[in-house]
Structure formats: structure tokens, C-alpha cells
Amino acid sequence: MPFKLRTAVLSAAVVACAVASGSAFAQKTYDTGASDTEIKIGNIIPYSGPASAYGSIGKTEAAYFRMINDRGGINGRKVNFITYDDAYSPPKAVEQVRKLVESDEVLVVFNPLGTPSNTAIQKYLNSKKIPQLFVATGATKWNDPKNFPWTIGWQPSYQSEAQIYAKWLMKEKPDAKVAILYQNDDFGKDYLKGTKDGLGAKGASMIILEESYEISEPTIDSHIVKIKAANPDVLLIYATPKFAAQTIKKTAELGWKPLQIVANVSISVGSVMQPAGFDNAQGVLSAAYAKDGSDQQWNNDPGMKKWNEFLDKYMPGADKTESALVYGYGAAQTLAKVLEMCGDNLTRANVMKQAASLKDFTPDTLLPGVKINTSATDFAPISQLQMMRFKGQKWELFGEIISGDVPAD
Amino acid sequence: MSAAEEVVTEAPAVEAVPKRAMTLGYGTSLVVLAALILTPLFVKNFIIFQMTMLLIYGLAVLALNILTGGSGQFSLGQSAFYAIGAYTTAILMEHFNVNYALTLPVAGVVCFGAGFLFGQPALRLSGIYLALATFALALAMPQLLKLGFLEHWTGGVQGLVVTKPDAPFGLPLSQDMWLYYFTLAVSIGIYVASVNLLRSRSGRALMSIRDNEIAASAMGVNVALYKTLAFGVSAGITGIAGGLGAIAVQFVAPDGYTITLAISLFVGMVVGGVGWLPGSIVGSAFIIFVPNIAEGISKGLSGAVFGVLLFLVIYLVPHGARQVALIAQQLAAKLKKN
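Protein chains in written order, with the working numbering: chain A, 36 to 444; chain B, 489 to 826.
Because the hints were derived from the structure by calculation, they are not lab data. Keep in mind that a hint or two might mislead.
[What the hints assert, rightly or not] Heads up, simulated DMTMM-like pairs for lysine to aspartate or glutamate below, C-alpha to C-alpha not over 20 Å straight-line:
1) K652/B - E137/A
2) K634/B - E140/A
3) K532/B - E137/A
4) K634/B - D699/B
5) K532/B - D220/A
6) K634/B - E245/A
7) K158/A - E582/B
8) K277/A - E207/A
9) K224/A - E639/B
10) K158/A - E701/B
11) K634/B - D220/A
12) K634/B - E137/A
13) K164/A - D654/B
[To be verified] Here are some chain A residues pointing at chain B (derived, C-beta under 7 Å):
14) D120
15) S124
16) V129
17) E140
18) P151
19) A155
20) K237
21) K355
22) K394
23) D395
24) T397
Model, not experiment: these values are computed from the prediction. Don't be surprised by glycine CBs; every beta carbon is placed ideally from N, CA and C.
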């Protein structure tokens, strides 16, 4: 058995080296945080505070690596996943990341969540040459290998998603009158910019109204009434779940039937479509890159079967409608793949190099056809989405997989 | 006087804090100072960073302590002044290339002004009503920082990244260690100044307002002026702490200065002992390290564990570190006698 394992490790290493660089043939090289027996991975996520709902992502990732370790680890090494609470506070994020790097001595910082927290730690990690792998935010600025070669994104950026909607509109409804409802923060503004860039100079005249709301407003009914008065025939809803549900419901109450497109963050059947009312939500459009855990159509999908088995065994009692569980699983699987590709060369530089050499990698939870591709100049792993339409009580995918890469400014 | 104040001042064994009891003896002060100077030589950079944050939050708690312990006014809005100080420093450093050391007095003056102005109308309020007014300020601050017309300066939601200064004159110190000693020097200066302030004529006036406003005004104390001054001084020191915090963390963003920070500072003041200035650093240690301990015990229930620990502290030693120090002193005296 030990002999077999070693052969497996060796051959994996050989393959990885051959694919990667061809150098350091099966020679073991380590940076701080990696050894013959262990790979230390650091993570920060809000387990407390206003964004604590995202804590499930960290818990899913921890469970995923427990599963990996039960199966013998990655190339024979156990993954030691250390995750701390940053309470969505940038000063706390800096403190916790410094603890991970200087006290726990991790190899990489993986999937830290939130744009403010990631901005706070980006300079520090890049100056220390420590990978800031697969950050959990949809801002566009993480795809900037020239200025920040140690930072790489994961999910599609908000701007690239908005561009996909713009492209679809230009093609399907070139003479539409478009109204945009957006949240007045970085999230909403990124969508607005993506839409305008996607429509370009030619399509700019299609936008007849831009209406913003504050996240602190209790209801956005008055905004909807105002938008209806301008009489657009397309409504783009760049809102977080609560407001997206209100919008869909209110338009129906007004007896108004524009074509509605809702942002990917608000596509949950359980927390948006159901509260809005299934009748009201018929025909709403959006785009997705991952499968929905509560959607019946994936019951026989091999990837989602694995996901279900994983949850049953390692996170019993978890709420499967939570999209964080799909997200955490996919991100963790991507990291596992990168570490596997690193073989016995577990230096920080090589981890970064492998993370930037993913070719057509497909985690179990991504939509069929959506693939992760990275290169030395492309630090946006997922940039494909597919359009979908709400019908009955679930989303129906249609059209082709659309790619919308946006480089950072 | 309001109910909230009476809870603090009327509890048994808390007679109004006499001014001499507000500080440590010389011997103890020297030991603490030596520990603060020597420890960084033997620990990792990360610990030095934590010690820097300890001093910075200590300053902010001290500022609140002057306000509450000194003049008897409540504030849940310290995070707003901390944010103004942090943004002043960050904007001066990044947009105007001002030396970091020079930005701190500016941050202090700006916050003193903001505090003084806010104190003017707030004067008409006392006790819990003032606490509520400042609470509103703390709630509003993160949103004000995101306002469109300020975005050019504040960076909006994205915040501002601040460059960490190197040690000057080619001193062989790491950035973290230099910043620590710099912060320590500033902290000692402010601590000494605060102690002297409370021992001075103005300090006596503040404490007389705390103990009985009507009596104080009958004695000829200009109650309105001293109350606003206390507010201004407290805001000014908080602003300097905020500026130091911005340099240490290298980043400012609205999400860093929410109401949670204001409440943490309040917790720190109570745990350290209301009106006992040296307790500020103990309170600061509590708000930095206890959440980490709580998280170590249980990730999912870290908030609950923190609550239990806080409850234990308040239940067992209601007057915080000051009470512990008193008990220690009595024990030491007993041992000497034997």
C-alpha cells in the first residue's frame, strides 16, 4: 500500500511537472506552510456581523477539505484549513490575515470574502508574495495580473454579467426602451457600468431612465411607480434579493408587464422568486454560472449527486437551498485541483502559476458548458454565463453559453 | 441626571473617583512602560502589529473615558470621530502627500472641531438622550462617507489604501516596529496630557459637572463650555487614534467604522473601569483579544461566547480592571504586613 501510494504521488507529480514547466523533475520543494505531510491553507470570512450569512461558505469549504483528508489528502498531504472570522470589517481582516501569514504560517490565503476586506489585504499579501487565491467578490479589479500578480478572482464579475445582458438586448430587442434600477453602492454601480459598456455608443440611447435606491430603504415601491411613469419596455433589476423580490411583486401589482432581467445574486428560487410570487415571476430573465441546489432538474446530474452525497455526510442538516453551499463547494474544488496540479512543488510561486494555468476545468457545481480557464494574462477564472428564463417554479436555461471577460481598468 | 448615569455612579463602592485614584503609582507606571518598550524586541511582527492596535484602541477608549469618567457624558458615537480622523489622515497622505506624522495633529484638530460643533446642540440633551444623539451620528457616518460628491476624496465604498511609512533616519527597524514605537510615543504623550488635564482646574470643573451639575454651576463653573470642551477633547483624541489606525491597517473604508466599533469602545471603557485612565489599555485588550478567544472556543457561536465572557466580567468585577487593581493592591498590602 505505501508503495502504491508513492507511485501515485510520483506519477501525479511527473504529470504535473510535465504539464507545467518540465523543470524540477519530481523534486520536492516547499515554501512556508507546506511539508511532506501537510498543506496549510488560510481563509477569512464573516462568521459574525452584518454579512454573517456568508459564513456558510467557510463552513462548506472546511467540510470539503475534511472530505479530501478522509480520502487521503492531496498527493498524500493533508489539507489543514484554518479559517477566521473578520466580521466584514477591514481592520479585523488585516489582523486576521496577518495572523494567518505570520503566526499560523499558511501557504496561501484562499477565498477571502468581500470587496472591502480584500482591498485591505491585497497590498500586504502582494508585497509578501503570498497568493490571494480565488477571492470571493464580483468586483472587476481582481483581474489585474500586471499590478497584482498574487491576486486572482474566481466568480464572474458583475460587469461581465451586465455586458451579457446588454449584448442579449442588442441582439434580441434592438429598439427597446430600457430602465435600470440599481443599488447605490459598488455592486450596483458595477452593473450599471457593465451595461453601458456593453450597449456602447450605439445602444446608449436605449437607456431612458437610471433609478437608484439605498440599501437602507424599507421598500422601493415609489421607485417602481416612478419608473413605470417613464414607460420603458425593459426593466433591468440590479438589486439584492429583498429588493429584487419587491420589484417583481410591485410591477405585477401595478398590472405592468415589462421584460424584466434580474441580477445573478438575486436568482434564488427560495428567497426571491417565491416571496415575489411564482405567478408574478413568470418570464423573468437572468443568467447563471452554477447549478441551483434546490432545482429538481439536477436530481440526476452526476456532479450534483456528488454534491448531495457530500452534504449528507459532512454537513448533515444543512439547508440545501442556500447558494453558499454550492459556491463554497465549487471554490474549494478549484483550490484542490490547483494543489493537485502543483504536485511536489509546493512553492507560493508555483501555486500562483498553476492557478493561472487552469484549462477547461469544470467543478461539479458549474453549469454544463461553463469552464474555468486562466492564463498569465487572464486572472478571471469564471467568465461564462448562460441566460435563463423563469417558468413554472424553476429556471429554464436557454441559448448558448456566453463569455464576457472584462479586464480591470 | 439620567438613569443611565446613575447606574454607573450609584452602584455601591463606586464613590466618585477621586482624582488621585485615576492613575497608577509611579512604580507601577514604570513597570508597565518598560514592558511596553521591551516586549516588541522579542516577538514576531504580527504580535507587534496587535500591540500597535492595542495602543490605538487604548487611546480611543481613553478618549471616551475622559468624556464619561471625567465629565459624566455618554457617547455611542466615537466611531464617527474615529472615522473622521482616519479619513483625514488617509486623504492627506494619499491625495496631498503630507508626511504621516503631520497628518495626526490635523486629524486631531479636525475632530476637535467636529466634536465641539456636535457638542453645541447636543448640550441640551443629557444622559441617555445624548447617547442616542451620538448613536445616530455613528449610524450615519458610514453612509456619509459613501456620498457621491465626497467620493473623489474618500474613494466611496472602495475606500483608500494608505502607504505604510518606513523608519526614518535609516534606523534598522521594521515598518511594524517603527510604527509601534511611534504610536507608543504618541500614546504616552496623550496619556500624560490627559492625566494632567483631569488634575488641573479644568479637570476639577469637569468632575464637578459629573457629580452634580447644579452645584457645579452654582460654584461658577461654565457648565455649557466645559461640557462642549470635554466633547471636543474626547473627539480630538479619538481622531488621532483613528489616524494612527488608518496608518497601521493601511486602509480605510466605510465598513471599518460602523456602530460595532462605537459599541466595542464603550465595552472597552466599562471593562477597563469607568473613570480610571490606565484601565483603557485593559479595556482595549479585552475588545481585541476576547473576540479571538471566543472564536477559538466556537466558530458558529463566537458572538454568544463573547457575550457570556462579557457577562462574567460585568457580574464578577462590575467596576472592571480598576476593581481588580484595587483588590491586588489590598492583597499586596496584606502580604507586606505579614
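Tested hints:
1. K652/B - E137/A: holds (18 Å)
2. K634/B - E140/A: violated (36 Å)
3. K532/B - E137/A: holds (8 Å)
4. K634/B - D699/B: violated (40 Å)
5. K532/B - D220/A: violated (38 Å)
6. K634/B - E245/A: holds (19 Å)
7. K158/A - E582/B: holds (15 Å)
8. K277/A - E207/A: violated (29 Å)
9. K224/A - E639/B: Since the Cα atoms of K224/A and E639/B sit roughly 13 Å apart, the hinted pair holds (cutoff 20 Å).
10. K158/A - E701/B: violated (51 Å)
11. K634/B - D220/A: The given pair, whose Cα atoms are some 8 Å apart, holds under the 20 Å limit.
12. K634/B - E137/A: Roughly 33 Å between the alpha carbons, so the hint for K634/B and E137/A is violated.
13. K164/A - D654/B: holds (19 Å)
14. D120: D120/A check passes; min Cβ-Cβ to chain B is 5 Å, inside 7 Å.
15. S124: It holds, given that the least Cβ distance between S124/A and chain B is near 6 Å, below 7 Å.
16. V129: For V129/A, the interface hint holds, since the closest Cβ of chain B sits about 5 Å away, which is under 7 Å.
17. E140: Nearest chain B Cβ about 10 Å off; hint violated.
18. P151: Since the shortest Cβ distance to chain B is 4 Å, the answer is holds.
19. A155: For A155/A, the interface hint holds, since the closest Cβ of chain B sits about 4 Å away, which is under 7 Å.
20. K237: violated (28 Å)
21. K355: violated (18 Å)
22. K394: violated (32 Å)
23. D395: Not OK, violated: D395/A not within 7 Å of chain B, min 33 Å.
24. T397: Status violated, d = 31 Å.
Comparing the model with each earlier hint shows violations of hints 2, 4, 5, 8, 10, 12, 17, 20, 21, 22, 23 and 24; every other hint is respected.
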